[in-house]
Amino acid sequence: MDTTEKYIKMCEKATEIQGHKFILGDYFCYSEDKDYVYIITSTFDTQGGGTLLRGHSVNHKDIWDEKEVHSQFSDKPVWLPTQDQLQEMMYESPMSESTVQDMVGYLYKFAFEESHGIVSMEQLWLTFIMESYHKKKWNGEDWVAVE
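Numbering of the sequence shown is given in the numbering used here, commencing with residue 107 and proceeding in unit increments.
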């Protein structure tokens with residue numbers, strides 16, 4: 107799982123995917139403290155209509171205690187989709203009737219058309235989804251519309 111600063115920033119800026127309802131096993135961080143990435147170990151609906159997220163840090167091995175991470179920060183958590191979650195987005199899109207071979211062909215062509223500065227499979231899939239379905243390219247700081 108990519109927990110690099112670059113991938114976190116790419117996910118944070120990809121507002122099109124950030125409406126995700128958190129489930130067990132999801133990865134997330136807070137934009138106020140990107141040094142800690144958490145994996146959700148339990149979720150609870152609150153009386154106010156929100157969700158309490160509890161998780162363990164995955165990038166700081168010395169932190170094993172379960173935390174009520176939502177209460178530490180005022181901003182919303184940033185969802186960090188895994189490679190399989192990004193691939194599932196393909197099936198929710200207009201390409202849903204494509205065969206696996208077609209999808210791999212599209213991705214292969216995309217990956218070798220130009221240098222995207224990609225260093226992980228999560229970055230590759232996120233970039234592919236943002237460009238293919240949301241018509242946005244990563245410029246190193248933000249997703250910008252492509253005409």
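Possibly wrong hints are sitting among the right ones.
Okay, derived cross-link-like pairs now, BS3-like style, lysine-lysine, Cα gap no bigger than 27 Å in a straight line [unchecked claim]:
hint: 1; residue 1: Lys127; residue 2: Lys215
hint: 2; residue 1: Lys140; residue 2: Lys182
hint: 3; residue 1: Lys242; residue 2: Lys112
hint: 4; residue 1: Lys241; residue 2: Lys127
I should point out that these hints are in silico values taken from the structure, not numbers from a laboratory. Predicted model, so just to flag it, every value in this text is computed and none were measured.
Evaluation of the provided hints:
1. Restraint check for lysine 127 and lysine 215: the C-alpha separation of about 32 Å exceeds 27 Å, so the hint is violated.
2. A C-alpha spacing of about 12 Å is found between lysine 140 and lysine 182, which places the hinted pair at or below 27 Å, so the restraint holds.
3. Taking the CA atoms of lysine 242 and lysine 112, the gap is near 17 Å; set against the 27 Å cutoff, the hint holds.
4. Distance check on the hinted pair: lysine 241 and lysine 127 sit about 24 Å apart at the alpha-carbon level, within 27 Å; holds.
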